[in-house]
Each structure stands twice: as C-alpha cells, then as structure tokens.
Amino acid sequence: MAAPVNNKATDVIIVGGGLMGASTALFLRHRGRSVRLIERGLVGQQASGVNFGNIRRQGRRLDQLPLSNRARAIWQRLPELVGENCEYLCSGQLRVSYEAEGAQDLEAYAREAREYGLELEIIGPQSLRRRYPWLGHDIILGSLAPEDGHANPRLTAPAFGRAALKAGALIEENTEVQAIEKSGEDFQVQTVSGDSFRAPIVMLAAGAWAAPFADHFGEPIPLVSRGPQMGVTEPVPYRIKPSVGVKTRVPGETVYLRQVERGNIVFGGGMRNEVDLETNRVYPRPEYTLHQLPLLRRLMPGIEKLRIIRVWSGIEGYLPDDQPVMGPSDKVPGLYYAFGFSGAGFQIGPGVGDVMAELIATGASSTPIDSFHIRRFAATT
Amino acid sequence: MAQPNVVIIGAGPAGVRAAQTLVAAGLRPTVVDEGMRSGGQIYRRQPAGFKRPYQALYGFEAKKARAVHDTFDDLTTAIDYRPETLAWNIAGNTLHLVANNVADTLDFDALILATGATDRLLPVRGWTLPGCFSLGAAQIALKAQACAIGRRVVFLGTGPLLYLISYQYAKAGVDVAAVLDTSPFSGQLRALPLMASRPSLLAKGLYYRAQLMLRRIPVHSGVTPLQIEGESTVSAVRFRGATGGVKTISADAVGMGFHLRSETQLADLALCEFVFDETLSQWAPSADADGRSSIPGVYLAGDGVRILGADAAEITGELAALAALSDFEMPVSAHQVEILRHSRERMERFRRGLAMAFPWPALLARVVEDDVLLCRCEAITAGELRSSANCLGAPELNRSKALVRVGMGRCQGRYCGHAAAEVLAHTRGESLQDAGRLRGQGPVKPLSVNTRTGVR
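For the protein sequence lines, the chains are A and B, in the order given. Residue 877 in this note's numbering sits at position 235 of the first sequence, with consecutive numbering throughout. Residue 486 in this note's numbering sits at position 250 of the second sequence, with consecutive numbering throughout.
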C-alpha cells in the first residue's frame, strides 16, 4: 500500500530516529525540506528515551557550550514547537564535591564557562546546608547552574517525532536500514524489509549503531557502546528542585539524581553496562545498582528511607574523547553525521537538530561545531 | 563434578516437593522464600503462637497442608533454607537476594522457580477505595491473622477462589452480603465434562456453593459490576444482574479477583522465552512437560508457570526437580516421571475446564470508562492509556508505559498489566497478543536504598 510513496525521493533521508534524527527532521521541515526519517524500532526508544534526563549545560566541554546554549533556547519553546513541555523543569543543576580536587575543578569550570555565557554560582558548605538541607554533610562545595534543569527523556524524542510527522516528515518506524550506497548524485538507502529510498542528502544519526555505515564510506571511527545504569525510587512529596550530581575525579564514584514533580527520584551514575548490539538489549547488572546505593546515601542521606522500584539501562555510543561526531562527512558530499554523543546528548539534542537542519539547508552552521568533525579520527585510524 | 548447586525460589507446594526430591537424590538445595514460614499462599501457616487446628485453617485440604508442612520441616537440616528473603534480580547464573536490607548473591547450576501466583484483577469504578481487597488478600487475612477484611463483605469476580473464600468467610462468621460472579452459570455447565477429569475438586466446588445456599447467601452469576460505591471507604456494590436489573448491595468491604495470574518476573529476568497462552489469554514462560524453560538450567514449577492449583504444584515441583537431576545425568526413575506427567496432563484438562467455566471477563476491561483508574500505583486512568494509542501512537504496551506511565509503579504492572493489555488491544482494534506484555525489570519487588552489601 505504501509502495508508491516509498519510492518517492525526498530531499533528505535521516537514518536513526533518536532525538537527533527526530529534531533534525522537524527543523528541516521548518526550512521547507522534504525529509524521510528511518528508524529500526520506535522513535526515541534507545539512548534518547532511557537516559537520565539532565538538561544541563554545566560540566560540558567548553566547546559544546555554544551548541548547548542554542539548545537551551529551544527547550524553553517546547510547547510551541512540539505541543508539550516533556516535563521540562528549569529548576537548576547543582554539582557538588566531597574533595578538594573536585572542588577545584568546579571553581575552575565556573570561571571558564562564564566566557561562554554560562553563569554558575559557587556555594560554600554552610550556605549549601542552609539552602539544600537534604544534602550530605561532607560536601565541601557546590556549583549551581540556575538555568539548567531536567526533563523526561521518554516523552521528548517521541514528541519531536510526532511534531515532525505533523509538519510533513515521512516517518518509517520498525524499518531497519541494511545498506546506504551512493550512486551518482543520490544515495540509495536499502532496508532489511526490501524497500529502497532515494535522496541527495543522508544524515546518519544511528547512535551506537552508526559505525559500520561511516566505515562503509571510508571513515572508520572508534565508537564503543555502553549502557549507563539508571534507577528510580517510589514517589515522595516534591522537594528536590535542582538536578544534583557529584563531581569527582574517582572513576565509578559519580552519582546523580533528580526528583520529578510527581515525586519519584531518578538516579544514575557509577558503572556502565556491557551492551548487545545484536539483540539491541542491555541488561542492567544488579551489582551496579548495589554499587550506587552508598553513593546515593552519601549524597542525600534521607534517600535511605526510600525504595527503588525499577532499574534500567539503554545503549549509548561513546567516543574516546567524549565528544560527538557532528557535521559533514570528510569524504562523501551530501553525507552528514550526528551520533556518538557519549552519554551527554539529551540536552543538546534539539540544538543538534536545529544546527544540522541549518547546515544541510544553508551549507553552514551559525554555531561552531568544528571540534566535532569526523576528520579528527582520520589521522589516528 | 562437585555436587550441583540447585536453588529453589518459593516454599509453597511446588518448592517443597522440588526440595524433597533433590534431597532424596542426595543434593543439598537452597530454598529461598519471601514468607516467614513455608507453605506458600495456599498452605500459608499462621504466625507462631496462633493455635487454630489444621482442620479449621485448611478444611478439606488439611491433610495435604500438613503433609507439605511436615515434609518441609523434616528437610530443614538437609537444605539451606532462606526464609524472609527476596530474590530481587537474576544476572546469568547469579541470583541476587536481599533479606532484612542485607544483599547477598547466590550462584546456581540449576534454578527452580516456584514463584506462585497472585490475583488477576481488572478495574471497576471505585476499586481503589479503602475496603476493597483482592481475593487472595482477603484469604491471607483470614488464614494468617484470623482477621476479616470487613464486617459485611461482597465477594466479586470469578474463578474457584471466589466460592472457596466466600465459604471460608461465611464459615468464620463474617456476614457475606453476596457473591457476584461475572461468569454465566451456563459456562460452568458447559465446562462440566472437562472438569470431571478431577471429580473430587469438582465436588468440593459444588460443596462450597451448596454451603453458601444453605446459609442463604445470594450468589449471582453473569453479573456486570458497575461500581464499588463509597465516600472514603466502601459502602456498597452496584451491579447489573444476568437478566438486566441493576442492584445495589450494601457492604463495608469487597474481595475481588478474576482467577489468578502467574508471578513471572524472575523467569523474565532470567531471560526465559514467553508464549501467549490462549486458554487463559495471558503470556506465560514457555516450558516443556517437565518444566524446562528456554534457558538451560532454569526450571519452572507450580502456579508460577501455569495456573493448575496446589495439587499440580506438588507434581510439577517434583517433575522440575527430576528434570534438573536428569540434566545433571543423575539417576531418575523414568516410570516415576511418566506417572507424574500423566497426572499433570489430567490437571491440564481441568485447567481448560476452569477457563471455560470462569472466563476472564475481557469485555469488562475493554469497556471500562475513561475516568476509571487503571494503574493504581501511578494513578493512570483508562482514558490516559487509550490516549497513548489514539493520540501518541503507541503500538504496544511497553510504549504505552513509556508514554503514559501505565504499569510503571511499585507493582511494575503485575496488577494492572492484564487489563491494560485488553484496553490497549481494544483501542487499537488488535488482538490481545499484539498488545504485547510489559517487559520485566528489576527489582522484582521494591528494594530499599538502605540495602547493605558485604555484611553477611
């Protein structure tokens, strides 16, 4: 039934229906481009849907901040853009440290971030205790980003997907891409189910599954997959406004939590799980949950009275420098990349979509993204 | 090879018989059980110091209950028994336990899941009012604590438990205001030939009914429950009778249940394959005739895999243990296995009879009004679930969960999942099977953040 439409070419094909792909599809429609989004499962089912939900600029590499600032402006317009606010709360993000090194890192970051328009408030221990009496008492310093916050990842990418659909994007869910070939001016995108789609521009936004496609076009990348460990407690009255995270140089000792308005406390951090890219599943390791418990109790002692009702993980693509691959291919005209967000893509997601749509439509991005170019891996691989 | 490590989850009739079989073969299994004492739900024991006799507690089943209890008590030195212990997760061949907020792990060569069942529920307007209990809870209150859920109780639902518990309450002196069965009486007559495969069970069912009649307790078949009424607690039940008339019966408590559902989260976390069971319209872990799951080394027994009742649980517990022994290449009597399989098959026929006599009232779930709470933990209405399909495009239950939180709370969909699947399937105009099933996620039951490790 859908065959005639299937064979119709679009201006752009996006491979991968996470937050990057779905938001790019929406913003390409705003720029008048026809676009087809191909997603193996359902939109927003993988890393975009199962991450922690931080809407944070604080702590990002400085060269991500312009993109992050652009994304922040979009988060504030969500109801107008996608018809709902996706439980976005601009309630602040607080990073805290127990040790001198971590505190120094927080202070240094606050100084540097100011130049990028990110104002952070450094808070001493007495003031922290007064303002956030639920925090652990051995915290020596806090750094508050008052305009950061958190949102619900389960809702966000699907909302962008529906908005893109409403704006005229073609969305092919449950459709797995088998191969992408360039023939002449156009790309042919073959699906496992036997369909073939054509477009002069392809954007690869396939997250942890992107590497084989980039490799095929002569751009191998050292992308690895991991599943961060998340959990959620039963609900209690809403009191914890900012999203809170521990800044430490000790690997595996990071922990972060946020309370949603309906009361549950979502948490993550510590170890990352092995993933199975064949079955698209990651099974959260029970011992990683147990590892998180003392970290949680240290950060917020009162949490010990609560119970965990659910744990989960999801598959994310990481690059060795924890920076994404974003921008045009270095080798193939018409091919664009946006993947490998290394566990920190949620906040910048809508900004990535906006930038990629701009780049594809105009040939340039008004926001600097050069440090994310795939060519940085060309010399080393 | 060293003695294989076999872990049994559950100390109800299936778990007890599995343990007995393994001990008889010279093994020392570990039995992990959430309960304070063995017996499971059906043969639940009263707390220490309570002195009601077996006959008062278990009626016709007194002998069987005593046999299961005595068997287990005789085993305690031959097994590693872990009461009041929750198996909260499984990863590979490691079981994760928690007892008294202390976490522990247990590696196994074989795992026998005898995790039992809970009530299968569906939403009725007012079902979240205080005073509304599941049938199972009503029975536990009586059996374990000698308490009733109310002074004047309506029992509502369907299935053999409905009559058993109504009778037990009446016998205990509680004013049973009415028994409301959603199944039409005609279905029970139609199912008689199948149920005749277990004449003694059938006779008991008829006895309970007769006892209710003798006590002049109104029993209505083929009812449509309309509302559990009340302001801050249950005050009445309103229903439409089989002939169409609407009646209201005053009561201060309701016991409600629509037969049972298997507790399958551990099988799910062990990555066992699930199949759709047409007889009961629900998903169940697949198992061969002896209880082997799709995962080598994981065996399934009792009501946790198929709702066959307590007698069958004893048989399938023994079968699962024999299957494990046989897979360890230890001697097993083929004759014994044959006899057990044969008995099990007879109970399977009875199960099909029960499903015909007391069908899951799918229609009631499908037509539940938009403003009725469907997911109690997360306070999600049937209308919100429908909107996940109609407005948000959810094709199956896990997507609905992601988008509108149905089944996302403390119970992880154990109590709303079946009704939610019906509502979603009906909204989408698809089969129940297409609506899928909620994927299991750890912990099996809530885990305290105060759980400590390494302090055994």
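Hints listed in this document are in silico derivations from the structure and should not be mistaken for laboratory results. One or more hints might be untrue.
Stated by the list, open to error - Restraint ranges, calculated between C-beta atoms of paired labels, are given here:
hint, chain 1, residue 1, chain 2, residue 2, range
1, B, G690, A, T1004, 52 to 62 Å
2, B, P366, A, R923, 45 to 55 Å
3, B, N686, A, S676, 50 to 60 Å
4, B, E320, A, S835, 46 to 56 Å
Stated by the list, open to error - Reference listing, derived: stretches of chain B covered by chain A, where coverage requires no fewer than 3 residues with Cβ under 8 Å from a Cβ of chain A:
hint, stretch
5, 621 to 635
6, 644 to 650
7, 673 to 679
Said to hold, decoys possible - A few chain A residues that face chain B, going by a derived Cβ cut-off under 7 Å, partial list only:
hint, residue
8, L684
9, R796
10, I945
11, I951
All C-beta atoms in this analysis are idealised placements derived from N, C-alpha and C, irrespective of residue type, glycine included.
State whether the coverage of the stretch 644 to 650 of chain B by chain A holds or is violated, taking the criterion as 3 or more residues with Cβ-Cβ distances under 8 Å.
holds (count 4)
Hint validity - L684 of chain A Cβ closer than 7 Å to any chain B Cβ
holds (6 Å)
How does the Cβ-Cβ distance of P366 of chain B and R923 of chain A compare with 45 to 55 Å: does it lie in that range?
violated (40 Å)
Are there three or more residues in the stretch 621 to 635 of chain B whose C-beta lies within less than 8 Å of some C-beta in chain A?
n = 4 at 8 Å, threshold three: holds.
Given R796 of chain A as an interface hint, is its Cβ closer than 7 Å to any Cβ of chain B?
holds (4 Å)
Given as covered by chain A, does the stretch 673 to 679 of chain B meet the bar of three residues or more with CB within less than 8 Å?
holds (count 3)
Do the Cβ positions of G690 of chain B and T1004 of chain A conform to the proposed distance bound of 52 to 62 Å?
holds (58 Å)
Measuring from beta carbon to beta carbon, are E320 of chain B and S835 of chain A in 46 to 56 Å?
At roughly 52 Å between Cβ atoms, S835 of chain A and E320 of chain B fall inside 46 to 56 Å, so the hint holds.
Quick check on I951 of chain A please, does its C-beta sit within 7 Å of some C-beta on chain B?
At about 5 Å, which falls below the 7 Å cut-off, the nearest Cβ of chain B leaves the hint on I951 of chain A intact, so it holds.
Whether the CB-CB distance between N686 of chain B and S676 of chain A falls inside 50 to 60 Å
Check passed, 56 Å falls within 50 to 60 Å.
I945 of chain A as an interface hint toward chain B, with CB separation required under 7 Å:
Hint holds; I945 of chain A Cβ to chain B Cβ min 5 Å, cut 7 Å.
Violated hints amount to a single one, hint 2; each of the other numbered hints is respected by the structure.
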